[in-house]
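Trainee: Sequence:
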Amino acid sequence: MTKLSLVAILAVSAAFAGGDIAPVEPVVEAPVVEAAACNSNTTINGKAVAYYYTDDSVDFFDNQSSSLGLAATLDVTHNFTENIAANFSAVGYTNAISDNYMDAQKSGAYFNVANITATFGGTTAVLGRQLISSPMFGGYDWLLAPGAFEAYTLVNNSISNLTLVGTYVAKWRPNNTGTTFITLDGDNYALGAVYANEAVVNASLWYYNIDAYGANKYTQVYVDASKDLGMFNVAAQYVATDYAAGLDSDTYGIKVGASVAGFDLYAAYNDTTDRAAGFVGNNGLYTAQWNSAASLDDVGSSWKVDASTEFAGISAEISYADYETAGEEFDLILGYGLTKCVSLDAIYANTKYTEAEDATQQLEFVATYKF
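Going by the numbering used here, 209 is the number at position 209 of the sequence shown; the sequence numbering is gapless.
Hints should not be assumed to be uniformly reliable.
Straight line, CA to CA, 20 angstroms or less: simulated SDA-like cross-link-like pairs of lysine to any residue [stated by the list, open to error]:
| # | residue 1 | residue 2 |
| --- | --- | --- |
| 1 | K47 | G92 |
| 2 | K370 | N45 |
| 3 | K340 | A48 |
| 4 | K171 | D141 |
| 5 | K47 | K370 |
| 6 | K171 | A104 |
| 7 | K217 | Y168 |
Across the chosen pairs, the derived CB separations fall in these ranges [to be verified]:
| # | residue 1 | residue 2 | range |
| --- | --- | --- | --- |
| 8 | S259 | A367 | 26 to 32 angstroms |
| 9 | D141 | Y336 | 16 to 22 angstroms |
| 10 | D228 | L334 | 24 to 30 angstroms |
| 11 | V201 | L154 | 22 to 28 angstroms |
| 12 | A367 | Y168 | 33 to 39 angstroms |
| 13 | D56 | S107 | 26 to 32 angstroms |
| 14 | I116 | I318 | 38 to 44 angstroms |
| 15 | G230 | Y269 | 19 to 25 angstroms |
Honestly, the hints are just simulated from the structure, not real lab data. Each residue gets a CB set at the ideal place from its N, CA and C atoms; glycine is no exception.
Input sequences plus hints: build the corresponding full structure.
Mentor: This is the structure in structure tokens:
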């Protein structure tokens, strides 16, 4: 996923010339004036993506159960001053298989990011369309472009190792929903405190107020902590969702990981009581899989095992999760960087969405060129 930096740092270099001075006629050298580059305050990056999806709902590679999306993203950051910048991410896409669109329309174009950032002291304000990432509220980075939000965000880093975040969200463009940012009803905001200190502990605390779901609106508290113990690392999380109507939800989770013989391994367990935990876009529960969002799909116990490694330039991750009321899922994810600018990815998922139905298999292939 391409993310625009909040503030671009400009590096200024000076050139010096010198040498021996001979006792001859004095030589007067004209001063050298280096002209500033015409685009020194602007950074431009981009990528082109071809994304192919197929499943066995009809047959693998049949047009009725396959999609091919092509997209180009152009990212631009312009610095007005050291403290103020404008960020834009323009996305254009088209669907190459007419029977089954990957996005809501056959083709379209939109600004996924369009904001002003301003930094004063230890505080940065981001105003406009932006990417948001937090445990239970954020854009899901899948298919042609990540989900994005129209929001007003403040981030403060004045205290060492501590980041304070507050964001108020007015609109949301979920993944593969076309070009429209949907206006959210009511007040929708997140307040967070993230503490990062590897020598002590990494921890975060979040409060969410979500009115956008109407009768299912809620407030929520999320807390997690993790610690590297040398031979292995441990993490724990708790999510309390207070719904405006009906039962509330409590979710507990624990994750234990280790690195063994070049493999990163972990096992995770979540337990959700009474009702699924609320989330917007994507969620950070430990047992979530490629298709299965544990907080949405399951009430009860769930567990997951995961192993990842890299060999011969190929990254590989394999995982399996089982859900008490929402079936099970096996995932295999492969990635290979042909060059610094070209990458290939492949995903195989075998998902049983409920205990009563048969599993669905899917394949996804992604080719990305960054420029």
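Trainee: The structure should be examined with respect to each hint, and the outcome stated for every one.
Mentor: Hint by hint, here is what the structure shows:
1. K47 to G92: holds, 11 angstroms
2. K370 to N45: With Cα atoms ~8 angstroms apart, K370 and N45 stay inside 20 angstroms; holds.
3. K340 to A48: holds, 14 angstroms
4. K171 to D141: holds, 17 angstroms
5. K47 to K370: Holds - the C-alpha atoms of K370 and K47 are around 4 angstroms apart, at most 20 angstroms.
6. K171 to A104: holds, 18 angstroms
7. K217 to Y168: holds, 16 angstroms
8. S259 to A367: 26 to 32 angstroms: holds, 30 angstroms
9. D141 to Y336: 16 to 22 angstroms: Cβ of D141 to Cβ of Y336: about 19 angstroms, so the range 16 to 22 angstroms holds.
10. D228 to L334: 24 to 30 angstroms: Given about 27 angstroms between the Cβ atoms, the range holds.
11. V201 to L154: 22 to 28 angstroms: The hinted range 22 to 28 angstroms holds for V201 and L154, with Cβ atoms some 25 angstroms apart.
12. A367 to Y168: 33 to 39 angstroms: holds, 37 angstroms
13. D56 to S107: 26 to 32 angstroms: holds, 27 angstroms
14. I116 to I318: 38 to 44 angstroms: About 43 angstroms separates the Cβ atoms of I116 and I318, which means 38 to 44 angstroms holds.
15. G230 to Y269: 19 to 25 angstroms: holds, 22 angstroms
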